[in-house]
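Asker: Protein chains in written order, with my numbering: chain B, 1 to 110; chain Z, 1001 to 1886.
Please keep in mind that the hints were generated in silico from the structure rather than gathered at the bench.
Note that the Cβ used here is the ideal one computed from N, Cα and C, for glycine as well.
Don't take each hint at face value.
Computed, partial: chain B to chain Z, Cβ under 8 Å [said to hold, decoys possible]:
1) His27
2) Trp29
3) Gln47
4) Tyr51
5) Lys77
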Amino acid sequence: MPTRHLDLPQGTLDLLILRTLALGPQHGWGISERVQQISSDVLRIQQGSLYPALHRLERKGWIKPRWGTSENNRRAKFYELTKSGRRQLEVEEDAWKKLTAAVAQVLGTA
Amino acid sequence: MLSDLVFRARSLFRQKAVETELDDELRFHFEQQLEKYINSGLTKREALRRVRIDFGGLDQLKEECREARGVHMMENLLQDIRYGLRMLRKSPGFTVVALLTLALGIGANTAIFSVVYGVLLRPLPYQNPAGLMVLQETTPKVGTVGVSYPNFQDWRAQSHMFSKLAAVESVAFNLAGVDPAGADQPENISGAVVSSDFLSMLGVRPVLGRNFDSAQDQAGSASVVLLSYQLWQSHFAGAPNVLGRTVALNGRAFTIIGVLPQDFRWIEKTDVLEPIGLRANDPEFNERGDRGDVVVLGRLAPGVSFAQARAEMKGIAARLEKAYPFSNDQFGVALQPIRDVFVSDLRPSVLVLFGAAVFVLLIACANVANLFLMRGAGRTKEIALRIAVGASRSRIIHQILVESFVLAFLGGLLSLALAFAGIRGLARLLPVDMLSGANVNLSGPVLLFTGAVVVLCTFIFGLAPASQSTRPDVQSELKESGRAMSSSAGQGRMRGALAIAEVSLALILLVGAGLMMKSLYRLLSVDPGFRPDRVLTMNMSLRTAQYAKDPAILNFWQRVLDQVHQLPGVEAAALGTVVPLTGNHSRNDITLEGMALPKPGSFPHPDVHLVSPGYARTLGVPLQRGREFTDADTENAPPVAMINAALARQFFARQDPVGKRFMFGHPSTERAPKWITIVGVAGDTKLYGLANPARLEVYLPFRQGASSEMTLIVKSGIEPAALTSAIRYAIASIDKDQPISDVATMHQLVSNSVSTRRITLILLGVFGALALVLGAIGVYGVLAYSVAQRTHEIGIRMALGARGGDVLRMILAQGARIAGAGVVIGILASFGLTRLMTNLLFSVSPADPATFAAVAIVLVLVALLASYIPARRTLRVDPMIALRHE
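Construct the entire structure; sequences and hints are all you get.
Answerer: Structural data, given as structure tokens:
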């Protein structure tokens, strides 16, 4: 396999989930597929961390679940971003950008 | 926060549904992934293998999801509650004692808080009650008095700080004619005559019919009336067609135009409202110097403060004083927020009792904390073990607090039954008119308070054991021998401190109760100026048209006297207008012949009695000089009077007042003075309560004054109440439509006059006794536990030659140390706290040494007794058994 998978840095999973759901409601499998696709197969989310994360985000009220039908006509649990989730996404995106910029800066000068 | 809780609760209570959803969700993922692998060309087996690797441990994944949902905390809580209940079941003795203690403590607080809430806190049923003020006039001679109607009219014209002012006159009516057949008994009801905007100022709307209109403020108003909801129910069975019907008030027909709401309250009991226009032509309403039973209700204009309004009224009163010196000299205006008028003098009693109830609760909590500590000592090993196998300390504190909460909650539930019974008992204890219609019951806010107390208790008695329990050194605890060893010194100290706290709290309560008891004793020992034994009193008001003329009134009273005198069992009978402690009063300025004329506001202002011959003898008022009235002192005889000793002392210091003359009112050039000759001097009587000083009094023969309202007093040879029906029958034979009200023995009147103090004493006494018992149980518990723990040590001491007496003394000394420390702390605290109840005391200092000493002795004795019982147990210790006990 030519692709090299990267382990997700701490705390980025929430950001990825929220960002993915910002495009529209999605079920858990769809989220992991979408992340994998968009990151050109570099990022892979393990089920072992995806579902606990989804339930944690739901408890925090950032996403909310709705049972719907998948593309192949199966019953699936879709998640969508709530208003407070959207706000949280902005906060986390902002923080991420600052972090990466700072890390890049440090790397650049080293 | 709340949504989080709801979410967790949902996860917990809909556990099954949530689990199924989780299964479905994960299966969907599983199958999607499988399909994807198969589509990418893998064999079914290979695909299945890959998916399983991806998923890892399914159960672990589910558990992590559950944890993420926060199910665990709730599960732990449920587990702790179940554990707590199991622990309580396992030690029923502990549970019963703790529950009863808590139920008593919480129940006392709930019951008293229901009074605090009903009297002091519950919003009055008015719109924006904070802006409502009650205004009265004041004079240095009497204090606050009613408002004269012309003054009220001037206030209303001149005031800008009040958006509205209304006059309210308290009156009583003879009610009849409800039953069209005329078969109903006449009765005495209370009511108010009010300005037309009275109700709209309060924000009260009739539930039926309409309010008065402004035309009814003027003379010649139609005879209309509003009924209270209660009267409507009791006399008209709540009939909706009551509007337009008439009732006879004082023999006059009044048309009912409306019904007041059920929760309507006024300062005085109010059965009916009449418009003030009906009184506008009465002479006493147009006489500026006449101050009856009118109070003024005012609503502050928006943004106006109490101080601003008071300043303005002060200015208006000063202007009126200047303009009308004869009627208004030295008269001012008193403003009171309406809540204060309702609460009147109950506030200090209610607050002192609430404080006492809180003390009882603290003692109860200390007791339960002690019980927990003792049991906790037996559990240190269990807890040490749990810590050793990985339970976190916070988890254990959490569990002990939950256990405490379970106990407090059950105690709280039990307390509601006690509080319910307590409130019913209180209701029976309190005179009906004492609360001015305040509702005292287990309402929502009271239950909320009980809930808060339960939570508070949990922390008060739960935290000490919780902090103690997690302190043990795990290693040494586990290393110790299997027997529960003597608990740590720290625990012993804390138990001792709790017992000391209980003793000092009990002392404070008992000192309070002792001071109240002494006050009441002193108050009831005050000479009232009359002999209340075997004297019955009852009121009659002649209000119907047949008594419009004086001869008719006099004729009625004379026939009453004649008839009652003939009844068997009657030793003496008389009539009087201002019988002591009945709340009736009538005061007037007088001018003594030859006195230097003072300012108009400084004339002597005695209470004026109209009495029949034999009044002083019937009531047992001593005659000091001269004579009583006789049947010869009629309307045609020369005017005569008796005065009381206070008046004689003040104005006839070294002369004999008999034969001197005085007149009512101030000398005037327009009319000739009507001199009245003093024929006798009577002793002072306590008209306004036993605690008040004697006032000036003047007595006139009833035939020379003709009052339509009088109190009949009957001295009997037998139990006076037994005469009631015979007297009623005799009066009905004179006028069958004449109601009789306020039947009471003189002893009841004396007792009612001290009822606030008496009830405060009873409740403080109950709380004090409760505190004493709980405190004694506390001391007993600590020592009994200590003796049990020290059996081994005692065995060694005895084996080494100590005698039983030595050991007994050792334990008693421990009890004495607790009692001594508790008493000293309690006395110091009492010195500070009893000052708060100065208002309730009568001729007793809040630091009364005798009371303090007596209470301290009682407490020390009880504490020693409580220590003696466990101490005696040491006498039975057999050293051999005690030592083998290892």
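Asker: All hints, please: hold or fail.
Answerer: Comparing the hints with the structure gives:
no. : hint  : result
1   : His27 : holds (7 Å)
2   : Trp29 : holds (4 Å)
3   : Gln47 : holds (5 Å)
4   : Tyr51 : holds (5 Å)
5   : Lys77 : holds (5 Å)
Hint compliance for this structure: every hint is met.
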